[in-house]
Structure formats: structure tokens, C-alpha cells
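Residue numbers (the UniProt record's numbering): 1 to 651.
If you are wondering where the hints come from, they were derived from the structure by calculation, not from laboratory data. Owing to the predicted nature of the structure, the values given are computational and were not obtained by experimental measurement. Mixed in with the good hints there might be a few duds.
What the hints assert, rightly or not - Distance condition first, Cα-Cα at most 25 Å in a straight line; then the derived SDA-like pairs of lysine to any residue:
(1) Lys566 with Pro263
(2) Lys287 with Ser454
(3) Lys176 with Tyr150
(4) Lys431 with Val146
(5) Lys287 with Asn380
(6) Lys549 with Gln533
(7) Lys499 with Thr526
(8) Lys431 with Asn545
(9) Lys176 with Ile571
(10) Lys287 with Asn490
(11) Lys176 with Gln200
(12) Lys385 with Ile571
(13) Lys497 with Cys476
(14) Lys176 with Ala244
(15) Lys497 with Ser364
To be verified - Listed next, with one range per pair, are the computed distances between beta-carbon atoms:
(16) Tyr434 with Val275: 24 to 34 Å
(17) Val578 with Ser624: 48 to 58 Å
(18) Ser511 with Thr338: 20 to 30 Å
(19) Ser448 with Asp472: 23 to 33 Å
(20) Thr441 with Ile145: 25 to 35 Å
Virtual Cβ for every residue (Gly too), placed ideally from N, Cα, C.
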Amino acid sequence: MWLRNVSQSFKLTAPPSLSAWIGAAKSLRGLPQWGVIVAQMEYHAKLDHIFSLTWRENSSSPPKKAGCVSDSSSNRPADTMKALKDEYDLGYRNIEDPKEPSTRPLSTSRPLLLQNQTSKFWLSGWTWEILSCVIAVTALVAIIIVLYNYDNRPMPDWPYGITLNAVVSVLVTLMKAAMIFPITEGLSQLKWSWFNERNQLSDLSLLDAASRGAFSATFVLFRFLPRHLVSIGCFIMVVAAAIAPFVQQVINITSQPVHSPDPSAIQVCNTSSYVDYGEGSGPGLNKVPLSTTGAIYTGIFQSEGPDSNTVTMTCPTGNCTFTPYQSLGFCSRCANITDSLTLHKTSVTSTMATYNYTLPNGFSFETSWGMMYLMNATNNLNLVKLNTENLPVILNFTAISAAGYGVPPQISATECALYFCVKTYEASVHKGRYKETLVSTASSSNYSATSVTSDISLTPETCYVNGTQRSDRTDCTYNVSWLSRLAMSNSLTPLLKGKGSLFVSNRPDWSSDTMHAVYGVEGNYTDINSMFQSLAGALTTHARNAVCKASVKGTTWTVESFVHVKWPWMILPIALMVLTLVFLVTTVVRTRNQFIWKSSPLALLFSDVAVEAPHAFERSPDLSHMEEASRKMKVWLETTTGGAKLKAVVG
Numbered sequence: 001m002w003l004r005n006v007s008q009s010f011k012l013t014a015p016p017s018l019s020a021w022i023g024a025a026k027s028l029r030g031l032p033q034w035g036v037i038v039a040q041m042e043y044h045a046k047l048d049h050i051f052s053l054t055w056r057e058n059s060s061s062p063p064k065k066a067g068c069v070s071d072s073s074s075n076r077p078a079d080t081m082k083a084l085k086d087e088y089d090l091g092y093r094n095i096e097d098p099k100e101p102s103t104r105p106l107s108t109s110r111p112l113l114l115q116n117q118t119s120k121f122w123l124s125g126w127t128w129e130i131l132s133c134v135i136a137v138t139a140l141v142a143i144i145i146v147l148y149n150y151d152n153r154p155m156p157d158w159p160y161g162i163t164l165n166a167v168v169s170v171l172v173t174l175m176k177a178a179m180i181f182p183i184t185e186g187l188s189q190l191k192w193s194w195f196n197e198r199n200q201l202s203d204l205s206l207l208d209a210a211s212r213g214a215f216s217a218t219f220v221l222f223r224f225l226p227r228h229l230v231s232i233g234c235f236i237m238v239v240a241a242a243i244a245p246f247v248q249q250v251i252n253i254t255s256q257p258v259h260s261p262d263p264s265a266i267q268v269c270n271t272s273s274y275v276d277y278g279e280g281s282g283p284g285l286n287k288v289p290l291s292t293t294g295a296i297y298t299g300i301f302q303s304e305g306p307d308s309n310t311v312t313m314t315c316p317t318g319n320c321t322f323t324p325y326q327s328l329g330f331c332s333r334c335a336n337i338t339d340s341l342t343l344h345k346t347s348v349t350s351t352m353a354t355y356n357y358t359l360p361n362g363f364s365f366e367t368s369w370g371m372m373y374l375m376n377a378t379n380n381l382n383l384v385k386l387n388t389e390n391l392p393v394i395l396n397f398t399a400i401s402a403a404g405y406g407v408p409p410q411i412s413a414t415e416c417a418l419y420f421c422v423k424t425y426e427a428s429v430h431k432g433r434y435k436e437t438l439v440s441t442a443s444s445s446n447y448s449a450t451s452v453t454s455d456i457s458l459t460p461e462t463c464y465v466n467g468t469q470r471s472d473r474t475d476c477t478y479n480v481s482w483l484s485r486l487a488m489s490n491s492l493t494p495l496l497k498g499k500g501s502l503f504v505s506n507r508p509d510w511s512s513d514t515m516h517a518v519y520g521v522e523g524n525y526t527d528i529n530s531m532f533q534s535l536a537g538a539l540t541t542h543a544r545n546a547v548c549k550a551s552v553k554g555t556t557w558t559v560e561s562f563v564h565v566k567w568p569w570m571i572l573p574i575a576l577m578v579l580t581l582v583f584l585v586t587t588v589v590r591t592r593n594q595f596i597w598k599s600s601p602l603a604l605l606f607s608d609v610a611v612e613a614p615h616a617f618e619r620s621p622d623l624s625h626m627e628e629a630s631r632k633m634k635v636w637l638e639t640t641t642g643g644a645k646l647k648a649v650v651g
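The whole structure should be built from the sequences, with the hints applied where relevant.
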């Protein structure tokens, strides 16, 4: 059989019929060498359905490039066919006969993947991956710079409501995306390197999946651990999922007080002279104004507790502090003098006994079954126990009381003094709640009972001016006009003098409501002392708010959110970034002598594709050549009972 199979380099998958070849040959009958061919073709025309015409490159003549038969010097069919005759052997074979095996080797002795790339710089295939690493490192450095600049500082107030967490989150997302890209491409390139040696075909899909997500990379990590560079890439892919939570843990937001420019102040009474009196009905009969009278009643009836937090205070943020400050005010002292009572009992009958109690200053209290007294109170007597020497006293008070119904009574005696003093405070406002603490009181003065028409001067032992303790006490002198002291005494005296009695019908009778308020529950030391503390506190508050109207400045605080960076949480992102760089550099170095295909599927498709082309089709393992050729091809998947095959047409 003189016809041969078509060559490996150029094969017609759908060869022309024998009749077509006969027609072409008849046009060349003038050539002697073709006469026999035409005759034999006519003879075998009847076998067109049995035989397939094939043509094969003549091994005796050197191969020619595609298109060489169409030389510009000759376009005649005779010349064309002559050139084909010299280059190819024509023949035919029985379609039923098996194909002859190709004499061309399927692959060279050295895999194309390992052939040296001498045509271009070996780093050029990794340009985008290197640029991606630069972006990732830049984003990481930006995160560190941002966190460093705002560490231990207030939360930034950026426009459009942009927060620090949002900026860091964007940078982390950028860093992670830029870091994962070279990892996936490196894993894809290592996929081809894995098949430099004989390995399972299933590894191809496994390694391909590893470059597409952390879930698949987890399986590959344990499959290849620790024998291959793939393990490092898979490890980075898996652990990179924790980058965002770790970086978010870096930022810790706490609320801290900071200074506010808003002013804060508390009313005090530190004017050069305390003046609070009215004209009265005549000389020496001066009384306090009605506003002060109201404060007196507030104190006696204990409408508010002693040193109640009703002082006028300004704190716009609800959080303020005040250094120690001083204010003129009112103080009280009380003493239990029950043990100084002397009992004188007279008895007419056993049921009509009279009990008479007397103090050393001559003040007495008498009660009996016929007339039970609850309290007898007066003022301006000599005190039994209290030492009021040099005290700017406003009023002395003495009372003897019986606790409730019964004879002999449960008797008690109390004496008190109300006087001017200088009080030292510390105060703060926290979350809108004002808290003032009395630190100390001072009552040293130039007051003398023999000179009641002289102004009073009080100088505390410890002097505070604008929150600073001073050794020079000249700036801490508090003056009180003598008329103000007299008016306060005239106003209090009638209110704190009187009696209370209890008839057999158990109905108490008081000389005034204020005496009832002074008596309290049992009229003992506890009740009376509590009332005097309330009176002193109410008068002090009134003096600070209404009489003096001075103030001391405080420090205003506002709560701001501060950024605290927990740097240990940055270890993971930095370590993964370093591993990514190491992985990429190692991958580039190890594959420097290989064709760089990475994640492109063209290398796999071009490995076995039947191509129909009008001229010899050049196959190249270079990715750029494959990409260029792929743009000129149209492909389809042909399936038969024998399997599936990708076919392509160039053009």
C-alpha cells in the first residue's frame, strides 16, 4: 500500500474524499509523474467509502514551515503539487485497520515544565504578586502607624462619622486581600511543581482547591504536612482568617475623665464682712430678714439634713472636682448635762408626789401626776459644761426634758451653743450627684462678751486661698458685723424658749410649734443636738447662697473615649506577613527554571487538545504564547462513547 498516514505535525481530522483528490490530480495530467497517480486514483475511486486518504511528511526531505508551499515566485497548481510531492508521501489505508503508532515521542526526555526560561527575566512572571506584597506591607505599616499615633489618646473625631475601628478594618481587609493573592498564586504554581515527579492524579484537584479558600487548604495542610512548601502556604491561608479578629482586639476603648473648658463653681461665704440684719422695731431690736427667718424655720423643723446638699453649685458636665475651700458659716455644740441635775421630791400623798429638778445655773424643771411637764427650755444662761470662751456665740440654750408619760419621769438635761465659725470643705460632683464633705471647723476670733458692739473677726488655723494652703493667714480673715450677730440672736431667742406639758388625757400642749420641734421624740440630748445641727446647717447654706453670694472655682471634667493599644495582638498579623514574604520568595526561587503558569487553566487545556488548522500549529509551554493562541481559538467539548475530548479550530 503506497499511501501513508498523515504526519504528526499536520493532520486533517476531516480529510477530503478520494474523488476530490482525483479531480485535483486530473488538472495536472500534463506532468508525466502524475499520470500513473491519476489512473490509479480513478481505479480506486470506487473504494472511496472503504479507504481513507492520508498524507505524511516525507522523512527524506527537511520539514518546511507552514505556508512555505505558497512561494511568491510560483502560484501555479503544478508547482504547488510538486512541492507537496517532494515534502509528503500520499497514500490510503483501510478505515477498518488500526492506526499505526506515531513515531514522534509524546514528550521529550526532559519535561517542558523544567526547561530553562532563557527568553526573559525569571521574576517578570511574579510582578503582580510582588506588587501585592508591597501593598500588604504598606497596609500593615499604616495600621501600626495609625495605632501608634492614637495610643493613649482620645478617640479621634473625624468627619462623616468615620471611626478609628472603621479605618483599621479597611486597612486590615486591604492587607489580608493583598497578602492572600500571592499565597494563592504561589500554591497554584507549586501545583505544577508537584507533578515533576510521579504523583496521584487526585492531587491535582486537591492542590487546585487549596488555592481557593481556607476550608480546602485545611485538608491539604494535613495531607502534605510537613513535606512540601505547600504546607506553609496552606498554613497561612488557614490562619489568615484570624487576622481581622486579632487586629480588632488590638484596640481597647476606655472612658477617661478629661478637663473641660466649661466653668464650674460652688457658692461660699467669704466676703470681707457678713451683713444680714433688718431695722427692727427700735435700737437693739434688730432681726434678720424674712429669707433668713425661713432658713431658721427650715433648720428647727429639720426640713433638710445638716449641711444638706442644697448649696448652689454649677457643674455643666455633671463631673467636677473642687480643691479644699473655706466658707463662713454657723456651728453648734451641745452637751449632755443630765448628771448635773439635782432632784427635790415633795410628797403630799403617794399618788400626788411632785418632782423638782434643778441645774447649777439655777434652771429648774417640775412635774407631778397632777401636771406632767415634757420640757422646760430657755436661753442665755450660764452654761454648765460647754466652754464658749472666745467663741462668737449667737445663742445659749438650756433645756430639761421628761421622756413621755409617767412619774417619776425619765429625765434629761441638755445645753447647746450656736456660734459663727469657718468651715473647710472638699467637694465633688460625680454623674450629677454633688457630694460635699466637711473637713474641719475653726472658731478662733476676737469676740468678747463684754464688747458686743464690736465686729467679729474669725481666722482659721489653716488657710486656703484658691485651693492652695497659705501660711500667711491675712487673706483668711472673715468678718461679721455685730448687728448681724445681734439680729440673729434676737430672731432665735423667742423661738427657742418655752414649755411643753402633758395632761392626764395624754394630750400634749406646747408654748410654740418650735418648742415641739426642739423636743422631737423624747426631748433628750440626741433629739436636741440633731435639731441644732440642722439649724446650723440651714443657716450656713442660706449664708452661702443668699447672703454672701461668693463662689470658688472648680475643675470641670468630661468623659471621653480613649484608645489603648494592646500590642501583643499584633504578633499574629506581623508573623503572617513575614511568612507570606518568605513563602513568595522561596516559591519564586524554587520555580525560577520553570514556566510560570500559576492558576491559569490554559496549561492543562493545551496539554491535550485536537487542533484543526490550515497550517502547522505551534505548541509552546510559555503562558504568554498559550494566552495569545487561546484568543485565536474556538473550542468545544466533543463527547463520544469513547470519552470526551476538547477540540479547537484556529481562526
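Fill in: Lys497 paired with Cys476 [C-alpha distance capped at 25 Å]
36 Å, violated
Discussion item. Between the beta carbons of Tyr434 and Val275, is the distance compatible with 24 to 34 Å?
Written reply: 28 Å, holds
Fill in: Hint consistency between Lys176 and Tyr150 [alpha-carbon to alpha-carbon, up to 25 Å]
At roughly 22 Å apart (the allowed maximum being 25 Å), Tyr150 and Lys176 satisfy the hint.
Discussion item. What's the verdict on Lys431 and Asn545, does the C-alpha distance respect the 25 Å limit or exceed it?
Written reply: Judged against 25 Å, a Cα distance of about 23 Å means the pair holds.
Worksheet item: Between Lys176 and Ile571, does the CA-CA distance stay at or below 25 Å?
Response: Given pair Lys176, Ile571 holds - Cα atoms ~15 Å apart, limit 25 Å.
Worksheet item: Does the Cβ distance between Thr441 and Ile145 fall inside 25 to 35 Å?
Response: About 57 Å separates the Cβ atoms of Thr441 and Ile145, which means 25 to 35 Å is violated.
Worksheet item: Is 23 to 33 Å a correct range for the gap between the Cβ atoms of Ser448 and Asp472?
Response: For Asp472 against Ser448, whose Cβ atoms are near 25 Å apart, the range 23 to 33 Å holds.
Item to complete: Take a quick look at whether Lys385 and Ile571 sit within 25 Å of each other, Cα to Cα.
Response: With Cα atoms ~75 Å apart, Lys385 and Ile571 exceed 25 Å; violated.
Worksheet item: Has the given pair, Lys287 with Asn490, been kept, meaning a C-alpha gap of at most 25 Å?
Response: Holds, at about 6 Å.
Worksheet item: If you draw a straight line from the CA of Lys431 to the CA of Val146, is it 25 Å or shorter?
Response: Distance ~32 Å between Lys431 and Val146 Cα, so the pair is violated.
Worksheet entry | Verdict for Ser511, Thr338 (Cβ pair) under range 20 to 30 Å | Since Ser511 and Thr338 have Cβ atoms about 22 Å apart, the given range 20 to 30 Å holds.
Worksheet item: Is the hinted pair Lys499 and Thr526 satisfied, with a Cα-Cα distance of at most 25 Å?
Response: 19 Å, holds
Against the hints set out earlier in the document, violations occur for numbers 1, 4, 11, 12, 13, 17 and 20.
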